[in-house]
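There are 2 protein chains.
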Amino acid sequence: MDVVELSRGEAMRLLASAPFGRVVFTRNAMPAVRPVNHIVDTDDFVVIRTRLASRLTSAVRADAEMVVAYEADDIDPIGHLGWSVVVTGIARQVTDPERIARYERLLQPWVEGVRDSVIAIEPTLVTGLRLAHSAERSA
Amino acid sequence: MDVVELSRGEAMRLLASAPFGRVVFTRNAMPAVRPVNHIVDTDDFVVIRTRLASRLTSAVRADAEMVVAYEADDIDPIGHLGWSVVVTGIARQVTDPERIARYERLLQPWVEGVRDSVIAIEPTLVTGLRLAHSAERSA
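Those protein sequences? They're chains A and B, same order as listed.
Each residue of the first sequence is one higher than the one before, counting from 41 in the working numbering.
Each residue of the second sequence is one higher than the one before, counting from 41 in the working numbering.
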């Protein structure tokens, strides 16, 4: 098995195709991670909106320039083939009412009944890898 | 859809059943995340060993008391049902030759050809959640 690096374009396309991912942030100086669903906006911003993000929301509010990572993957545990993409950048709470309304239409939270915030992650650093059979290396 | 908290025992059993997860750590003051395969040892330590952990290995070497998080999940993106578990604790490079040999037998890296290290994550904090239909709340 080999690891093949993905281009930024391939990585963003795969992330956009994924139904959910995991947001990674620092909370009380500890690494934190939780699954959320997302959309990738036309400007490649990763937008999340769920109850699961509530702790992240507090953290983003407390520090407007918080850097987070967002990861999605699709890996076959039997064949050990698949991909993983990580976007790293500043997460900001969306405050513009028109953008909030638009994202609330496009992105339905999986967990009901709790007020949530809309957070947009700037795609400053985009990395991706594909696990491929060694023979594909030269392809 | 509701979020149901898992007990530590349930969470560790689910994590042990998962073929892989994602290790979350801080690198150059930035959140970092990458998929790896793992085993859960009898003492609930999460053990990882892959080329994907090489950046983590450098970080662990530089700071013997580095705290990491390890996440695994199994979520159906259609039905929005499933679970996620996060273990948070100190990650240490395993240096005892007998333990290394044992883990090298039990845990085969998915990516070939690169010298790796064995890292054990102490399960100090274990959290888990299950996404369940609202009707299951009272079950």
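There could be a bad hint or two in this list.
Negatives, chain A to chain B, calculated, CB over 12 Å [as the list claims (entries may be wrong)]:
1. 41
2. 66
3. 69
4. 75
5. 82
6. 108
7. 111
8. 133
9. 135
Label pairs and their computed distance ranges (CB to CB) [to be verified]:
10. 50/A x 130/B: 33 to 39 Å
11. 117/B x 50/A: 18 to 24 Å
12. 137/A x 59/B: 42 to 48 Å
13. 136/A x 117/B: 24 to 30 Å
14. 130/B x 114/A: 26 to 32 Å
15. 139/A x 137/B: 25 to 31 Å
16. 70/B x 49/A: 19 to 25 Å
Everything labelled a hint here was simulated from the structure, so no lab data went into it.
Note that beta-carbon positions come from the ideal geometry of N, C-alpha and C, so glycine has one too.
Of all the hints given earlier, name the ones this structure violates by number, lowest first.
The structure conflicts with hints 1, 2, 3, 4, 6, 7 and 15, although it agrees with all the remaining ones.
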